[in-house]
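Peer 1: Assembly of the complex is requested from the two constituent chains, each provided in isolation within its own frame, with the hints serving as guidance.
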Amino acid sequence: MATTDIVPATDDAKMNMTPMIDITFLLVVFFMLTIDLSSKEFFPVDLPYARMGVDDKPVPGEVKRFVINLTRDGRIIFKGNTFELTSPDAGIQDDNIVALRTALRQIHDSGGGSALLREPDGASKVPVMIHADWGTKWKYVQWVMQACAHPDIKIYKLQFAIKVPKPEDGN
Amino acid sequence: MGIELPEADDTELNMTPMIDIVFQLIIFFLLSLKFKTIDQRIESMLPKDRGLAATPTFPEDFLKVKIKVFRRDMDDKEKAYTLVKIDNDQRTFSLPRGWKGRLKETPERVREYDGKIGAIRMIVAEKMKAHGGKADEVKGEIVAPPPKGGAVPHGDIIQVLDVFLNLGMLDVVFEGAATPLTNRERAARAGSK
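First to last, the protein sequences are chains F and E.
Residue numbers are given in the working numbering: position 116 of the first sequence equals residue 116, and the series is strictly consecutive.
Positions in the second sequence are counted from 1; adding 1000 to them yields the working numbering.
Derived from the structure by calculation, the hints contain no laboratory data.
Nothing here was measured: the structure is a model prediction, and the numbers come from that model.
It cannot be assumed that every hint is accurate.
[Unchecked claim] Just the calculated beta-carbon pair ranges, DEER-fashion:
(1) Lys-79/F to Asp-1073/E: 29 to 39 Å
(2) Asn-81/F to Ala-1187/E: 18 to 28 Å
(3) Phe-30/F to Asp-1073/E: 47 to 57 Å
Think of the CB as a built atom: it goes at the ideal place given N, C-alpha and C, for glycine as much as any other residue.
Extracted from the complex, chain E is given alone in its bound form (with noise of 0.2 Å):
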């Protein structure tokens, strides 16, 4: 009759599938484990009271340095280069050409590029400066004039809007882009579908 009961001493957990689930986590996890590739951001706030409907010029009566970019020889890769004109000034500057990108080029040309950029900081700075020399009562433009100006590398663009910020004119303002298509464009197309 008696039915003979294990003895409860030697009952044990095993161990040994909790431990391979845990460390298949733990790989998991290190191998998802991807190290943050940016480390710093430029804020900027769009403006509230202008849309797409209408495109009003910059007040002319602000105090302002005018900072143009062009593209030019944009259809050869190699050859493409931004050319930077500053308010009305006859110094102008042409970035490197084909540039591939900094970590992508020696460093005789990053040199280049960071003098390019660095004399242009030099002639904004006497602009403002002629402007009274205080910085927050200046305002930077940044002007990409289409067609050809909307091919500009975003890089060169916010090392530009970098000068600016260096100099402490954080009030900058882009000149809109042409959109696509027009607004009565984009009616005639709704129309004619």
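Chain F with its partners taken away, still in its complex shape (with noise of 0.2 Å):
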């Protein structure tokens, strides 16, 4: 009677990694979609607060932006490059615009022919936003403003990236 059961040989037990392999595949689809590649864009900077703005959400149809951040201590920072406000002799800072608006220039003209990129009076449909630090000095964020608007350029298409105060942050 107690011999009947019989243990079935565990030598070929083996794991079925189909259903293991198919999650895991999934997985990395998933992450493979929601990362978002653009945010490596966005230099680390503490936003200024203002309640009034809008979501951050693409809008339909239009260009991709760029983004030009600001850092408190008078850096911009746009496509990996640096270019620094800080210097005591204004001139070495107009070069440093200058060199913006060259950098602007360029990377607008090479993104898919600038002819699409321009609206019939030659403004540009490019939005730019201004990740600036709440601590940045106005000036500097007026420069890069003069230097969007600039004959050469015309952007004109500005937005200020914010942050909502928010009651967990003690606000």
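Peer 2: Here you go:
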């Protein structure tokens, strides 16, 4: 009586890998799709606070924007290039703004042909996001705005990156 | 003569290396997944008809509320503050001295800051009412007079801009800042090189 239950031989027992591999692939695909590589453009800064902003969602049909970062110590970071504005020498500051304009223009015009990126009146369709630290000197922000509106570049669409005060931040 | 073929039943793919790679991929994507820090933005348009060459003054015949911001005691980080004046109103507002940013300040100081901004909003609303009270007919103007106005933190300007937007005044003008060099200075510098 006691010996009739046959225990299956353990030698041959193999895990069925298929469901695990299915799930794992799904996870890989999920992460690949959700990863937002564009967030790499944002240099970490303390954004200014405002309550009247709109949600930062892409507008359908809008051209991909440029992100210009400004740090509190007066550096502009645009597409991996850094432009210092802190020099006490106005001439060097001016040179760096000219360099920013050159970079803006080159990157703008290499992006899929400049004709496609411009309105009939020559104004650019590319929006620029000013992703500036709250402590950036206002004149630096203004210089960036002037560089964008320069007749060589004609970028007029601006966005200021902001944060909304939240109760959990003690506000 | 006969070559014995291995039994076909027993061939199995070795899954281990593939699973290793796939797990590595998952870990890579997990680590590079950065949660978005920006949640909002303020949209704005620069004027198309005005450039660097000419800096026309703001036409006087528009109804406007003008806010002037100044930076005071800017040599001392602990004491520096932003002074806000609205039109020619006698009431001026000093934002907290040595402001270190919302997240680093005590709740009392944050309340103080917000209180000042709230008071500025009240006066701007008063001025707007004096102009007929229609938000879309009154422009806002933000002026940071050089040289010290240029040192006002971006965050304070955005708060002032926010006051205008909050009151429905969507047409806000920034007075242009002086560039590091004037056109004439730039030309002279290029000539001397």
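Peer 1: Note whether the CB distance of Asn-81/F and Ala-1187/E lies within 18 to 28 Å or breaks it.
Peer 2: holds, 26 Å
Peer 1: Is it true that Lys-79/F and Asp-1073/E lie within 29 to 39 Å of each other by Cβ?
Peer 2: Given about 37 Å between the Cβ atoms, the range holds.
Peer 1: Is 47 to 57 Å a correct range for the gap between the Cβ atoms of Phe-30/F and Asp-1073/E?
Peer 2: holds, 53 Å
When the structure is compared with the earlier hints, no violation turns up for any of them.
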